[in-house]
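Peer 1: Residue numbers (my numbering), protein chains in the order written: chain A, -17 to 276; chain B, -17 to 276; chain C, -17 to 276; chain D, -17 to 276.
Think of the hints as simulated: they come from the structure by calculation, not from any bench. Heads up, a few of these hints could be off.
Stated by the list, open to error - Just the calculated beta-carbon pair ranges, DEER-fashion:
| hint | chain 1 | residue 1 | chain 2 | residue 2 | range |
| --- | --- | --- | --- | --- | --- |
| 1 | A | K138 | B | D215 | 33 to 41 Å |
| 2 | B | D215 | C | E31 | 36 to 44 Å |
| 3 | C | E31 | D | S243 | 23 to 31 Å |
| 4 | B | K244 | D | Q199 | 51 to 59 Å |
| 5 | B | E18 | A | D47 | 37 to 45 Å |
| 6 | A | K138 | B | Q199 | 43 to 51 Å |
| 7 | D | A249 | A | E31 | 35 to 43 Å |
Stated by the list, open to error - If the Cβ cut is set under 10 Å, some of the chain D residues that face chain B in the computed set are:
| hint | residue |
| --- | --- |
| 8 | F149 |
| 9 | G150 |
| 10 | I178 |
| 11 | R179 |
| 12 | T180 |
| 13 | F181 |
| 14 | D182 |
| 15 | R183 |
Just so it is clear, CB atoms sit at the ideal spot from N, CA and C, and this is done for glycine as well.
Protein chains: 4
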Amino acid sequence: IVTTPPNARAQTPVKADVEVELKGEYQLVSRAWKKEPTPVRIGDREVAEGKIFIIAGPCAVENRDQIMAAAKAVKDIGAHALRGGAFKPRTSPYTFQGLGEEGLKLLAEARESTGLPVVTEVMDSQDIPLVAKYADALQIGARNMQNFSLLKKLGKAGRPVLLKRGFGNTIDEWMAAAEYVALHGNGDVIFVERGIRTFDRTLRFTLDVGAIAYMKQATHLPVIGDPSHPAGDRKFVIPLALAILAAGADGLIVEVHPDPSKALSDAAQQLTFEQFRELVEKARALGRALGKTV
Amino acid sequence: IVTTPPNARAQTPVKADVEVELKGEYQLVSRAWKKEPTPVRIGDREVAEGKIFIIAGPCAVENRDQIMAAAKAVKDIGAHALRGGAFKPRTSPYTFQGLGEEGLKLLAEARESTGLPVVTEVMDSQDIPLVAKYADALQIGARNMQNFSLLKKLGKAGRPVLLKRGFGNTIDEWMAAAEYVALHGNGDVIFVERGIRTFDRTLRFTLDVGAIAYMKQATHLPVIGDPSHPAGDRKFVIPLALAILAAGADGLIVEVHPDPSKALSDAAQQLTFEQFRELVEKARALGRALGKTV
Amino acid sequence: IVTTPPNARAQTPVKADVEVELKGEYQLVSRAWKKEPTPVRIGDREVAEGKIFIIAGPCAVENRDQIMAAAKAVKDIGAHALRGGAFKPRTSPYTFQGLGEEGLKLLAEARESTGLPVVTEVMDSQDIPLVAKYADALQIGARNMQNFSLLKKLGKAGRPVLLKRGFGNTIDEWMAAAEYVALHGNGDVIFVERGIRTFDRTLRFTLDVGAIAYMKQATHLPVIGDPSHPAGDRKFVIPLALAILAAGADGLIVEVHPDPSKALSDAAQQLTFEQFRELVEKARALGRALGKTV
Amino acid sequence: IVTTPPNARAQTPVKADVEVELKGEYQLVSRAWKKEPTPVRIGDREVAEGKIFIIAGPCAVENRDQIMAAAKAVKDIGAHALRGGAFKPRTSPYTFQGLGEEGLKLLAEARESTGLPVVTEVMDSQDIPLVAKYADALQIGARNMQNFSLLKKLGKAGRPVLLKRGFGNTIDEWMAAAEYVALHGNGDVIFVERGIRTFDRTLRFTLDVGAIAYMKQATHLPVIGDPSHPAGDRKFVIPLALAILAAGADGLIVEVHPDPSKALSDAAQQLTFEQFRELVEKARALGRALGKTV
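With the hints as extra help, turn the sequences into a complete structure.
Peer 2: Set out below in structure tokens:
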């Protein structure tokens, strides 16, 4: 399918199979186009407006004991899905890059054991079939939000996509990135706000709750937030998580580790089980106060 | 009083009357120096940790009818103090600059009528005595956060100070600005987060809830948030206000106007009375859920 | 004079003595309004398009020996005016705040001795007459760019104004700030780009040469650049100074100190005399290559 | 090769074949590691310190006439290499995405005709062999700067890499991204500064000449600049190009089109042939003034 907006049509040298009349740079993901909220399924669960969906687990899958312990604990405390990275995008080539397929297998094993659906990152378009084989949802990291080649191929992935906002990207670019996935065949996109780069580096990133408030009116798709990366330090994760929900988000994705001080990545920002329990309790109380089904 | 940190003492050519041993660029406002939270009084009310203090009113005082109507309504709905600008910092010299002393008199009249203490901005160090004569608390706008001459003179103002964060200023600079006020004699400072400038201009400013979460641990003084300026549009004010509170703030300062569409400034972002009522109700529900006294 | 744009006229509660039809938020400083470049005089010299005007001297006036040595050296090497701060805006109240009037007197003495006109900062509207008594041009620091009360009073200062861009301010806000000065009676404004705050903090600020290129087309007033503050380290000052000129600026304001390692402020970024000589030589070569009168 | 820094070694669960003692997050690209500048060859030409290397051509290859005309003109005027996109990263899926392999063939034809080596972008790791078959150098776009999977595979591409800085990325991240390419086998990396995202959106991006000044001291590899993307409008391209060179860059990559008003992408910012001629003349004059071989 090649779809061209009216103003591009005259000059474009490629032939269009289907022509769709567009009003802007994106349409399929816009609430102007579809008024009703669209729930997105992850495994046998549903991320949907009016509820709070919590995805929790370690930054990276490190070994069987770690992921099994994490999966069991977050399940018992109240998570709806398990997260954990097998392919890790790391700033430096000298740091831990993830276990790869071995990590994916451990995640699948944790799903077997707990019943939690699994969310994990895919970094390379060539790995989509491999990751899709093990995972219930595919996460696209902030640094790949405008990897358009990857986005196009996600259209055929057969799995819902968690699209993290790039830390240097505007809200419009985020919407247009989701449009790539949707236009190429996959409308199951969940937006994940995770903080942007600003001049203030006191915390790791600046969580943009305004983007959440805006997106809840601009898109019919679910919007969730990641409090761990903007916090950068576990002592700020709970207030940021509550701010995400208060701004209207449909859920959270949060890093939890059996022993954060020994984590191979993001050691400072992962929650202990005890802290995760406190977060879930507060999130439920806040959700009830704001009229959500908890 | 001239106080110098150890490393400046050797070279400084000015004589110090008092010498204080410092550990950083600020101390008096830091929670490392004073562990217990410090409540700050505005008139006969108190801004304090564990409660939600709501300051509401129009962007600018425009005339008697407008400010009296606004004061009565926000009082009835649940505000604890009245805001309204008499001296207005405006980007362009061709826009409404405020009523000046006439506006201050109208604010005092509104206080008489409603019992609400009054918060208003002072822009020039020469106007401090005038504004302090009418107002219960002095607001320092974002653009004056590093007007050090003004900050020093606020040390002798005899009124509590609401110190808005500059939209281009780091958290450390904000703390140091408050230190100017405190060091010159006035420890009654309330920090106001109101959004920063970032590359994303979808909303008017990027509300930095991370700064609120951080400041609640870094200072013993109250921290409140302004959802109106980052929103820029009233349809985003309520979710931002709730995010401010969920991140841990001790209160809100919010723009409310009897007829926002006719406002002489910030027309798009002022709430109607009806919207303000919805905000107060949700804020109370959220406060109760998080264990605050409402 | 009270001037109101058309769309504000209907609602504004203040009476206008003169009514001017405006097309935007500023006009007097715009090249759309006045096509020919406007030179601005500082003492007996002129900052003008097609030339390179160099203002040099220490960050702060520290004592007689220091300022006299600096003035003599920068004069001999090729500066057209002397800079030096007597009132210093400092982030922390515990650092050196400047010598005040004593510093102004030393600057005047340096002018007597070298013939260089003097540029120095004014921070408080109450100090304008005092500073204007000693200085040939008044500098407004980045943190005061939107101190509108100060800007208005500069309209009657009787001295040209160097208006530094606020590090959190847009180009439009910079133009509108200059409009305040011009509208209140003083059209002699020189714009100074000195770097903005961005997410990258490798250097102290991000020098915005795009702003220089833009401003040279947008205003008829002179535009110069400050390479010292964005560099933050003297080893980057020369390339930034050359970039400023190559982008089209009409001059430079640069920090030079007899012994930078002993400076009471900005020690890392002040040039030695030797480095300043290298800068002037390269600036002249570059100016000639680009067709400027050097 | 798996190389781990000392502090990661203890915990890492993967076996290292070779162990290298590291001092930071990157080393191979650092000037602390290799003092002498490293020239990088593109076809039969060399990008090297002390010279000015100019890469020019259209944003995208659109058809044979357009690319042949552009190649001939930029060659005659003085370019050292031809640029042109066959795979185009576009914010919206509804805009022209490039001609793909057909575009690569046209580029190769233009090289045959003019002798200019060809630089073009690769967006997907799967396309590396295809693009490398036709191109003399592979460009990595800003949005892929942290596409680590792509970076690793470039280590085996057998072609020099132009690594554009991500508009949301710090200088350290840029260096670390190049380290990925170098560590995986390809040390021929050229850094391309092309502007970053900041709060000021007057121009399209904020050109960071401070990054150029810094990088020339921090890396031994060539650093060039792209004035077209930060300008966003051709009337600002020449001053930005000169600022890039004055800040110390080793060359330019600039968009030039036979008829910019008809371009399928970036129409506003592409130079006409006449403007490109003016740019080359000024660049040469400036280069000579600064002691470069032109």
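Peer 1: Determine for every hint whether it applies to the structure shown.
Peer 2: Outcome of the hint check:
| no. | hint | verdict |
| --- | --- | --- |
| 1 | A:K138 <-> B:D215: 33 to 41 Å | holds (38 Å) |
| 2 | B:D215 <-> C:E31: 36 to 44 Å | holds (42 Å) |
| 3 | C:E31 <-> D:S243: 23 to 31 Å | holds (30 Å) |
| 4 | B:K244 <-> D:Q199: 51 to 59 Å | holds (58 Å) |
| 5 | B:E18 <-> A:D47: 37 to 45 Å | holds (43 Å) |
| 6 | A:K138 <-> B:Q199: 43 to 51 Å | holds (47 Å) |
| 7 | D:A249 <-> A:E31: 35 to 43 Å | holds (40 Å) |
| 8 | F149 | holds (8 Å) |
| 9 | G150 | holds (8 Å) |
| 10 | I178 | holds (8 Å) |
| 11 | R179 | holds (4 Å) |
| 12 | T180 | holds (6 Å) |
| 13 | F181 | holds (4 Å) |
| 14 | D182 | holds (9 Å) |
| 15 | R183 | holds (6 Å) |
In this structure, none of the earlier numbered hints is contradicted; all agree with it.
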